[in-house]
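Since each chain sits alone in its own frame, please combine them into the complex, following the hints.
Line by line, the protein sequences give chains D and X.
Per our numbering, the very first residue in the first sequence carries number 1; after that it's consecutive.
Per our numbering, the very first residue in the second sequence carries number 1; after that it's consecutive.
Because the hints were derived from the structure by calculation, they are not lab data.
Check before you lean on any hint, since a few could be wrong.
[Stated by the list, open to error] DSS-like cross-link-like pairs, simulated, lysine-lysine; straight-line CA separation at most 25 Å:
1) X/LYS96 x D/LYS90
2) X/LYS112 x X/LYS96
3) X/LYS44 x X/LYS96
4) D/LYS90 x X/LYS112
[Said to hold, decoys possible] So the derived list for chain D, only partly shown, Cβ under 7 Å to chain X, looks like this:
5) GLY59
6) ALA63
7) GLN81
8) GLY125
[As the list claims (entries may be wrong)] Residues of chain X clear of chain D, computed beta-carbon distances all greater than 10 Å:
9) GLU17
10) HIS50
11) GLU52
12) ALA53
13) LEU56
14) GLU76
15) VAL85
16) THR87
17) LEU88
18) LEU92
19) ALA99
20) ARG109
21) ILE125
22) ALA126
We treat Cβ as the ideally placed atom computed from N, Cα and C, and that holds for glycine.
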Amino acid sequence: MYRSLFPRDVFAELDRLQRELQQAIEFSPSIRGIGRGGFPALNVGGTPQSVEIYAFAPGLDPAAVEVNLERGVLSIAGERQGALPAREEKTTVHINERFAGRFRRVVSLPDDIDPNTVTADYRDGVLHISVKRRESAQPRRISIQ
Amino acid sequence: MSDHTAVTQETPASRPEATLLPPVDVIEDSTGITLYVDLPGVSKDTLGLHVEADTLTIEGRLSLAVPEGMEASHAEVSLPGYRRVFTLSRELDADKVSAEFNQGLLTLRIPKAEHAQPRKIAINIA
Numbered sequence: 001m002y003r004s005l006f007p008r009d010v011f012a013e014l015d016r017l018q019r020e021l022q023q024a025i026e027f028s029p030s031i032r033g034i035g036r037g038g039f040p041a042l043n044v045g046g047t048p049q050s051v052e053i054y055a056f057a058p059g060l061d062p063a064a065v066e067v068n069l070e071r072g073v074l075s076i077a078g079e080r081q082g083a084l085p086a087r088e089e090k091t092t093v094h095i096n097e098r099f100a101g102r103f104r105r106v107v108s109l110p111d112d113i114d115p116n117t118v119t120a121d122y123r124d125g126v127l128h129i130s131v132k133r134r135e136s137a138q139p140r141r142i143s144i145q
Numbered sequence: 001m002s003d004h005t006a007v008t009q010e011t012p013a014s015r016p017e018a019t020l021l022p023p024v025d026v027i028e029d030s031t032g033i034t035l036y037v038d039l040p041g042v043s044k045d046t047l048g049l050h051v052e053a054d055t056l057t058i059e060g061r062l063s064l065a066v067p068e069g070m071e072a073s074h075a076e077v078s079l080p081g082y083r084r085v086f087t088l089s090r091e092l093d094a095d096k097v098s099a100e101f102n103q104g105l106l107t108l109r110i111p112k113a114e115h116a117q118p119r120k121i122a123i124n125i126a
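So that you can see chain X by itself, here it is in the shape it has in the complex (with noise of 0.2 Å):
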């Protein structure tokens, strides 16, 4: 029975919660995908970027040593996170994202898929 009312009271908590939606620019070339996310406040152990199948989730936890006892007056900014997911196109190669995380700015490039590349394919003769 108390087991029951242990699990009840722990759905509210597991909702997800209200988050910033980080500004972003993002920019094609012919090579891929240039995407800028601007993320201040967050420093690098507290990035979290995700590929899930053709999902890319960016995440981020503000971190900011504020001096004990301060009350805020005046708060522009005043949700604890970041979050911002995009779906990929296909011919975007996920598996090669590469991240640059400097002073809150987020860089990440997606080259394309090398699809267009000639392959030459093997012959076995069993």
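Isolated chain D (complex conformation) (with noise of 0.2 Å):
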């Protein structure tokens, strides 16, 4: 169904049976099937005042990504063209690893967060989001009158 960002790396492929594994004993699977694998590849992150996302999606147009929150759920879809030439041209494809095609990915916030303060930004073919929890949800330290 995926195909993984990174070709032959042990270690995911390991954790990837071993969720497709738990999820076949669990009673109850999340909806959207196994949260790990795909195009992007994703590092969520958090400190007391943001949720940070790191998607790894390489080579893309900025323009033609759509980041979307509703509800909580923040969702990172496009479509990226192949490096793959044309059937008739006489070439050879000796390697093809790298992800084509379309893509969606959906991440689930905390409920902390603010939904009118994120800020998507792209470099070096990363894109990082950044979403603020709300001013009410951050750790205070109360006097003691």
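Below, the structure is given as structure tokens:
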């Protein structure tokens, strides 16, 4: 179903196997299937003030990427053109590992984010999305009267 | 004595570190080979391309601008860099490799050597 971003990444493959096994055993697996793998690869992290998402999507036209935030679910969708030549040309394809075609990945964000403060930038082939947490949800020190 | 211990401690650090294998497309036509390599997160300064004898090495270090104090909760890219090595064949002209790097996508063009070109041999008369 998915093509992993990195070929022969043993740890990613083992992880995928473990998740697939877990999904087979679980009574109520997620409706969106296995949350890992596919294009683009995602790293997600958080600070007390924000949630940071990094999508590793090299060689894209930023205008052709759609980032949507709807009811706490962030989706990244778009299309990447393949490098493969047309069939008529006299060329030989020796290795074909890179992802090509339409992609879509979805991340469900925590409840305390502020949907009005999303920023996205695309640099060195990495799409970085930063969502601030709501002011009221941030940790505060309460002074004793 | 203290020198000796310093040397033995350095040895584990000099081991090659674990790297990701970047995905590639290799397409050959009549005049050369085109190589496409996905290196997301690598900037122009941290990309290394080396041709040594008939070995092509592509290396890159991930340089992400991560906010201070960020705790990763989910990581699919967890190694600090990329590395991939190819052996070139003899008909390829390693001296004329041209490279282009744009938004994490490296495009390498390796032309074929001009073996087949007719050459005129000058005769020196002493």
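Quick rundown of the hints versus the structure:
{"no.": "1", "hint": "X/LYS96 x D/LYS90", "result": "22 Å, holds"}
{"no.": "2", "hint": "X/LYS112 x X/LYS96", "result": "9 Å, holds"}
{"no.": "3", "hint": "X/LYS44 x X/LYS96", "result": "20 Å, holds"}
{"no.": "4", "hint": "D/LYS90 x X/LYS112", "result": "15 Å, holds"}
{"no.": "5", "hint": "GLY59", "result": "3 Å, holds"}
{"no.": "6", "hint": "ALA63", "result": "12 Å, violated"}
{"no.": "7", "hint": "GLN81", "result": "11 Å, violated"}
{"no.": "8", "hint": "GLY125", "result": "2 Å, holds"}
{"no.": "9", "hint": "GLU17", "result": "14 Å, holds"}
{"no.": "10", "hint": "HIS50", "result": "20 Å, holds"}
{"no.": "11", "hint": "GLU52", "result": "21 Å, holds"}
{"no.": "12", "hint": "ALA53", "result": "21 Å, holds"}
{"no.": "13", "hint": "LEU56", "result": "13 Å, holds"}
{"no.": "14", "hint": "GLU76", "result": "4 Å, violated"}
{"no.": "15", "hint": "VAL85", "result": "13 Å, holds"}
{"no.": "16", "hint": "THR87", "result": "13 Å, holds"}
{"no.": "17", "hint": "LEU88", "result": "12 Å, holds"}
{"no.": "18", "hint": "LEU92", "result": "12 Å, holds"}
{"no.": "19", "hint": "ALA99", "result": "14 Å, holds"}
{"no.": "20", "hint": "ARG109", "result": "12 Å, holds"}
{"no.": "21", "hint": "ILE125", "result": "45 Å, holds"}
{"no.": "22", "hint": "ALA126", "result": "47 Å, holds"}
The structure fails to meet hints 6, 7, 14 from the earlier list, while all remaining hints are met.
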